[in-house]
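Trainee: Chains F and D are the protein sequences, given in the same order.
Residue numbers for the first sequence follow numbering that gives the first Met the number 0, beginning at 0 and rising by one.
Residue numbers for the second sequence follow numbering that gives the first Met the number 0, beginning at 0 and rising by one.
Simulated from the structure, these hints should not be mistaken for laboratory data.
Honestly, I wouldn't trust all of these hints.
Identical chains blur together in the list; that is why a pair holds if it fits in one copy or across any two.
Claimed, not checked - With a cut-off of at most 30 Å between alpha-carbon atoms, the simulated DSSO-like pairs for lysine-lysine come out as follows:
#1 Lys154 with Lys371
#2 Lys330 with Lys357
#3 Lys121 with Lys209
#4 Lys121 with Lys208
#5 Lys346 with Lys290
#6 Lys207 with Lys119
#7 Lys371 with Lys128
#8 Lys146 with Lys207
#9 Lys234 with Lys128
#10 Lys35 with Lys321
#11 Lys145 with Lys352
#12 Lys128 with Lys297
2 protein chains.
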Amino acid sequence: MKKGFNVTPYEVEGNIDYGKLIREFGLEKINENVLKKIERHAGELHFMLRRGVVFAHRDLNWVLNEYEKGNKFFLYTGCGPSGPIHLGNLQMWVFTKWLQDKFNVDLWFQFTDDEKFLFKNKSYEEIQKWTYENILDVIALGLDSKKTHFLIDTKHAGIMYPEAVKIAKKITFSTIKASFGFTDSNNIGSIFYTSMQAVPAILPSVLKKKNIPCLIPLGVDQDPHFRIARDVYPKLGFHKPAIMHKIMFPPLKGIGGAMSSSKNAVIITSTDSPREVEHKIKKYAFSGGQKTTLEHRKKGGNPDVDVSYQYLKMFFEPDDKKLQQIHDDYKSGRLLTGELKEILIEKINAFLKEHQRKRELAKNKIDDFLFKP
Amino acid sequence: MKKGFNVTPYEVEGNIDYGKLIREFGLEKINENVLKKIERHAGELHFMLRRGVVFAHRDLNWVLNEYEKGNKFFLYTGCGPSGPIHLGNLQMWVFTKWLQDKFNVDLWFQFTDDEKFLFKNKSYEEIQKWTYENILDVIALGLDSKKTHFLIDTKHAGIMYPEAVKIAKKITFSTIKASFGFTDSNNIGSIFYTSMQAVPAILPSVLKKKNIPCLIPLGVDQDPHFRIARDVYPKLGFHKPAIMHKIMFPPLKGIGGAMSSSKNAVIITSTDSPREVEHKIKKYAFSGGQKTTLEHRKKGGNPDVDVSYQYLKMFFEPDDKKLQQIHDDYKSGRLLTGELKEILIEKINAFLKEHQRKRELAKNKIDDFLFKP
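Just chain F, same shape as in the assembly (with noise of 0.2 Å):
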């Protein structure tokens, strides 16, 4: 916390300079040229792209480049099961849905099991119930059982561990501390567990034997992890995967670190009921408007740090006149905290209703999506 913020897979605190973030983890801005070339395939810009809520990139270039040559790439992303799935979670497997249907690609989908046992206080079989109800979450996003494949680290261990250690005898101990600050007390499943994380940008290339450019998009603290694993890849012969990194999703309370079901933190989850969702953007989204109506009626309200404009911008007013007029009108006064925050209590209980009904209709599909080596 030296610098004001940190951002590791395993700590997301403090006010996050992105600026500073890009420079640091040595990422490359999302700019207009790359932006144009993903809209030249898509037919479309998603709003989280042109928002800079997608906002950095590796080799994004490279990748895209390869896609106009005929060579397609694979997506892959994950979760990590430790307990209800938030926001935040349900915003990146949107952004990357919609990855693959514009780009109609292969989607690799990592439910890193063991990484949560190993890191987290949860017993072996708590983690396995997570497991299978975030499983009905992504799958209620209505992705294509035919284009994806679900890995669960500890049920697909046949397949992936024999990559893995390919992988972790070329990262040293220093590399992993100097990466996520492990000390001699951590427990040696969390060191080894960065090399299982990386297995799926590799895996479709090793079962087809072809090296597949792979795209991975993801919260850009789980960035350390392939920072690390890109070096090794190219020594084994692969590729390095490109990665879209996007910024966190905000807790209700304020825009300093991110929305994590782990840290006893107040969170919008996607089984919440409308009136638990209403309890709680009302009692705790932090608001950037003044204190009487009247001071806000007089001097307007602060867009930029009001978590609930923040949550329309970066998930649920996807159309850019909509939110600059709510945007403009929090702004001046003329919307109130009150209404803002009912506008966003509609989206997320129209969003959660259609995802709550997709998810009990998940249950049936789970084995279409596990994928049979």
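Here the structure of chain F is known, so what remains is to put chain D in place on it, guided by the hints.
Mentor: Only chain D this time, still in chain F's reference frame:
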């Protein structure tokens, strides 16, 4: 090497003081009481037990008491496939087979191909080749495939890795450092590995959902893996496995250290021809004899340091009377070093002739031995 010798799974050096090792490792010496107990069930005592080749144990009384109560143990031992099988390996397994035969129990045999890949400067493919080769040697021992189950770490990772992470969660890198002398420069696979070696001791219990006692015959250099793991098993609800420790098989050039396929030492391998065996023994086997025949006749030889005599004692002359005669003849000077070597060469070649015959037949039997989950 501060204490004059060093014994870990990754380094065996110096003249090992086994009395000191017993104290340092916290082992129990195999005494008359436990020998009687073994004899009661086995009907006899293997010469390696009578002669202190298998010299120490952990919880052997417990596992034998359980056996007496009708609660059978299973055996677990293994092989690290990084090169040809040598006499030291065969010695361990001949004893293990004896245990299996006499107690009529299952044997789980682990091939630690992941370990050897992670620790050796050899390719994955090379290790796979040695795994195949070494499997032939193990089958050639004449094991019963109905009671013997091979686990190959990378092939059986599907059932092993989930158990390994449960073990790994309870072992810190500090413990690994202290036990194996690792540093931050170790690769993260090597750090994790001990949890894979720990798995077979509980895997049958996991699979049968029943806590089954386990007895591990091993070379004493492997003890550190289980010294760590034995602290973990009870936390997961399993018995601590019992262990029987064999002294290290001495290298040809002298009784310090251990025969190993990895240090460019001259070793006798399972596929050596009679001429190779003869050449190696004659040229390299350290002699306890005197410099000249005349001097030898007068002063006699020293069987305690003579490698040929030690090989006979430890492995190739089961008959106590014959061995005593050789001992006395050599000590008195009646038997010359050249003659002693001839006795050994004949014994080894007879053993290897039969072994190599069975090794050829083993090629069609591999599948019978691989564990099918």
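Trainee: Now, for every hint given, state plainly whether the structure supports it.
Mentor: Comparing the hints with the structure gives:
With identical chains, the CA atoms of lysine 154 and lysine 371 are at most 30 Å apart both within one copy (10 Å) and between copies (16 Å). When the C-alpha separation of lysine 330 and lysine 357 is checked against a cutoff of 30 Å, the pair qualifies neither within a copy, at 37 Å, nor between copies, at 86 Å. Proximity of lysine 121 and lysine 209 under a CA criterion of 30 Å is satisfied inter-copy only: 23 Å between copies versus 39 Å inside one chain copy. Taking the shortest alpha-carbon separations for lysine 121 and lysine 208, only the inter-copy value of 22 Å comes in at or below 30 Å, while the best intra-copy value is 38 Å.
In this homomeric assembly, lysine 346 and lysine 290 come within 30 Å of each other (Cα to Cα) only inside a single copy, at 25 Å, whereas the closest approach across copies is 96 Å. Only between protomers do lysine 207 and lysine 119 lie at most 30 Å apart by alpha-carbon distance; the minimum there is 28 Å, versus 35 Å within a single protomer. For the identical chains of this complex, lysine 371 and lysine 128 are neighbours both inside a copy (21 Å) and across copies (27 Å), given an alpha-carbon limit of 30 Å. Within a single copy, lysine 146 and lysine 207 get their C-alpha atoms as close as 15 Å, which meets the 30 Å cut-off; across copies the closest is 37 Å, which misses it.
Taking the shortest alpha-carbon separations for lysine 234 and lysine 128, only the inter-copy value of 22 Å comes in at or below 30 Å, while the best intra-copy value is 37 Å. With identical chains, the CA atoms of lysine 35 and lysine 321 are at most 30 Å apart within one copy only, with a shortest distance of 23 Å there and 88 Å across copies. Taking the closest pair of Cα atoms, lysine 145 and lysine 352 come within 30 Å of each other only inside a single copy of the chain (25 Å); across copies the shortest separation is 56 Å, beyond that limit. In the homo-oligomer, the alpha carbons of lysine 128 and lysine 297 never lie at most 30 Å apart, since the shortest distance is 51 Å inside one protomer and 79 Å across protomers.
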